[in-house]
Structure formats: C-alpha cells, structure tokens
Amino acid sequence: MAVGKRSGLDILFLANAHSRKFSDISQNPEVQVTFQDSKTQDWISISGTVTTTSNTDPRIKDIWSHGVKAWFGDLGDGKHDGGPDDPRVSLIEVKAKYVVYYLTKVGLLGYVKEVGGAALTGKVADTGVLRELDEKDIEQARRME
Amino acid sequence: MPESLKASEVNSQTDPSVAKQYDSETPKEQQIKDLFEMIDGKKIGMLNTYRSGVGAYLPM
Numbered sequence: 024m025a026v027g028k029r030s031g032l033d034i035l036f037l038a039n040a041h042s043r044k045f046s047d048i049s050q051n052p053e054v055q056v057t058f059q060d061s062k063t064q065d066w067i068s069i070s071g072t073v074t075t076t077s078n079t080d081p082r083i084k085d086i087w088s089h090g091v092k093a094w095f096g097d098l099g100d101g102k103h104d105g106g107p108d109d110p111r112v113s114l115i116e117v118k119a120k121y122v123v124y125y126l127t128k129v130g131l132l133g134y135v136k137e138v139g140g141a142a143l144t145g146k147v148a149d150t151g152v153l154r155e156l157d158e159k160d161i162e163q164a165r166r167m168e
Numbered sequence: 003m004p005e006s007l008k009a010s011e012v013n014s015q016t017d018p019s020v021a022k023q024y025d026s027e028t029p030k031e032q033q034i035k036d037l038f039e040m041i042d043g044k045k046i047g048m049l050n051t052y053r054s055g056v057g058a059y060l061p062m
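The listed protein sequences correspond, in order, to chains F and L.
Our numbering puts the first residue of the first sequence at 24, with every later residue one more than the last.
Our numbering puts the first residue of the second sequence at 3, with every later residue one more than the last.
Check each hint, because a few of them may be wrong.
[Stated by the list, open to error] Simulated coverage check for chain F against chain L, where a stretch passes if three residues somewhere in it have a Cβ under 8 Å from a Cβ of chain L:
{"no.": "1", "region": "28-36"}
{"no.": "2", "region": "80-94"}
{"no.": "3", "region": "127-135"}
{"no.": "4", "region": "155-166"}
For the record, the hints were derived by calculation from the structure and aren't laboratory data.
Each residue gets a CB set at the ideal place from its N, CA and C atoms; glycine is no exception.
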C-alpha cells in the first residue's frame with residue numbers, strides 16, 4: 024500500500040473500508056508494516072497498533088491524491104467515485120511501538136565481496152547495520168517532525 | 003571486510019552473526035533520520051494484520 028503520510032514513525036494509509044483489513048484490525052489491532060528494497064537489500068519492520076477512522080476524518084482530504092481513484096473505481100453514482108468523499112475511502116493509522124531496520128552499507132560489488140568472502144573463509148559477512156528503536160526512541164522521532 | 007568468528011563469542015549474547023549487527027555506535031537521532039529517509043524513499047509499505055485462526059498475513 025502507498026504510504027499516505029508519515030508522521031514521525033507513525034504511518035497513515037488510505038484504504039477501502041470494505042477490505043478485510045478492517046475486520047482483522049477490529050479483532051486484533053496489532054499490526055506490522057514492512058518496507059523492502061530489493062536493490063539495496065534494505066528493509067524496515069514497524070510494529071504497532073492501528074486505529075481506523077471513517078470517511079469523515081479531515082486528514083483524508085490532506086493525503087488523498089488522484090492516483091487513489093485508480094484503486095477504488097467509479098460506480099457512476101456520484102458518491103462511490105474513489106474521491107476523498109467516497110464513503111469507502113477510510114484511514115488506517117499505525118502508531119509505531121517497535122521498529123527494526125537494516126541499512127545496507129555496501130554497494131552491489133561490496134555485497135558480493137562480503138558474502139562471498141565470508142562463505143569462503145568462515146568469517147561473518149558485514150554488509151550493513153541492524154538497528155532497533157523502542158518506544159522511547161519512537162517518541163523522540165515524533166518530536167523531530 | 004568479513005569479521006572473524008571467535009569461539010569465545012559464540013553464545014546468545016555475543017555471536018557476531020547476531021549481536022554485532024545491532025548498531026550501538028550511531029546516535030539514535032541519526033538512526034531516526036536515516037529511517038525517515040528510507041521510509042520516504044520507499045513509499046510502498048506492506049501492512050500485515052493478524053487473522054484469527056490463520057496467523058499473520060498480508061490482507062487485501
């Protein structure tokens with residue numbers, strides 16, 4: 024899903040209120056958001072708690088863009104048109120509680136050299152840094168915005 | 003460069019394939035700034051929820 028807005032390490036998504044995400048979240052609001060970059064091998068995992076809002080949330084208009092319409096379709100009734108006032112267009116807000124991410128520090132050749140060298144020599148590959156942020160760090164991130 | 007593996011380090015606290023990968027040198031503020039940049043550059047995230055009786059999964 025396209026990130027609607029990042030606020031600190033909290034993430035807002037626009038989503039269709041009819042999707043099964045909403046029934047899942049209503050039963051268990053703890054979720055994970057992952058990002059992955061297949062070129063760099065970087066990845067991010069954000070664990071947290073979700074709140075959902077209906078189409079009346081004013082933030083929807085702030086983050087909605089025309090590209091969103093493509094994922095909702097237009098029923099032609101002047102209401103279900105994928106626009107910001109479409110009652111299906113809802114907000115999922117993930118409040119981060121724990122984040123872990125991997126930042127690759129070497130390029131492709133360096134990656135091959137590290138992994139290949141480690142596999143051949145019995146050493147441990149050193150391709151980047153693994154970092155974790157707890158709730159205190161995440162609170163700091165909210166203040167940095 | 004790949005790091006040498008020492009017998010004295012092979013336990014759950016110091017095994018270099020696990021413990022050394024956690025970055026304890028970079029200040030948290032810089033770690034957060036790096037992460038902001040990473041998220042803003044990637045744009046697309048996968049939201050994984052938990053469905054009772056199934057487990058964690060990627061809902062549509």
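Status of the hints after comparison with the structure:
{"no.": "1", "hint": "28-36", "result": "holds (count 4)"}
{"no.": "2", "hint": "80-94", "result": "violated (count 0)"}
{"no.": "3", "hint": "127-135", "result": "violated (count 0)"}
{"no.": "4", "hint": "155-166", "result": "holds (count 5)"}
Violation of the numbered hints given earlier is confined to hints 2 and 3; the remaining hints are satisfied by the structure.
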